[in-house]
Amino acid sequence: MPDFAIQTKEVGNGVYMIKVEGFLDAHTFEEMETTINNLFNDNSFQIIVDLSGVDYISSAGAGVFIGAIGTAQENQGNIVLMKPTQNVMEVFDLLGLSQLFSFAEDVPSAVKMF
Amino acid sequence: MGYVIQDSIEIAADTSNLRNVREFMSRLVGKSGLDERDRNKVILAVDEAVANIVKHAYGEREEGWVRIDVHAGEEKFEIVIRDSGSTFNPDSISEPDMKEHIRLGKKTGLGIFLMRQIMDEVNYAFLEGRKNRLHLVKYLRNPS
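Protein chains in written order, with the numbering used here: chain B, 1 to 114; chain P, 1 to 144.
With the rest of the complex left out, here is chain B (with noise of 0.2 Å):
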């Protein structure tokens, strides 16, 4: 697994998808910020991050997604967090996030959470 890589496409109707690989830690994170933020910039506020290749992730990798949501929202998006690893969840539950994000199994049922 590499220490991070990220990927971003298009998957239809405006709605992008960027794939995460490795960890998102502190060191790792503000690439991750700036790949959201770039989009934003574009007006694509309709976002599926691919979380099945993160096997870390940290407060810092978390913030970055506590950071966007409320700006995909106000602008009629939103950030939908795809396949997370068991890791990943357990830290979202820690941090009460579970309850608070969408998540999703495949790209189709992400797309209709928009």
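Hints were generated in silico from the structure; no laboratory data involved.
Careful, some of the hints might be misleading.
If the Cβ cut is set under 7 Å, some of the chain B residues that face chain P in the computed set are [what the hints assert, rightly or not]:
(1) Gly67
(2) Leu94
(3) Ser98
Quick caveat: nothing in here was measured; it's all calculated off a predicted structure.
Yeah, the Cβ is synthetic: ideal placement off N, Cα and C, and Gly gets one too.
Use these hints to put chain P onto chain B, whose structure you have.
What follows is chain P alone, placed relative to chain B:
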């Protein structure tokens, strides 16, 4: 009292070293009596503690160090984290309201919140000679 595990690591205070810290901790929690459900969480707590030190105790252009000492026995898993940066007392950060945090897009205080959620004890001291000392303790679920 004899310890089952005793080991240390010292790193430059830079976020690029967080991975090394996690690998060090992963090796030790794997050998310890910590329940499997607690192992990843303890690694996370230490990561959060060190990340906070790097962010708050040292300025952007300031070089510093962080030392982590682990003592794990039959009843508890202890981590002592020392640095020589500016005073940063985690007790000064109040517990975040996650709904408010999301409403405002705030990201601060989450690391300390996680440390307190995970560890059974979080004790901070500022020692003479400009040294911070953070003592984290996790009690084993089924001590022998």
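These are the hints, each one checked on the structure:
no., hint, in the structure
1, Gly67, "holds (5 Å)"
2, Leu94, "holds (5 Å)"
3, Ser98, "violated (10 Å)"
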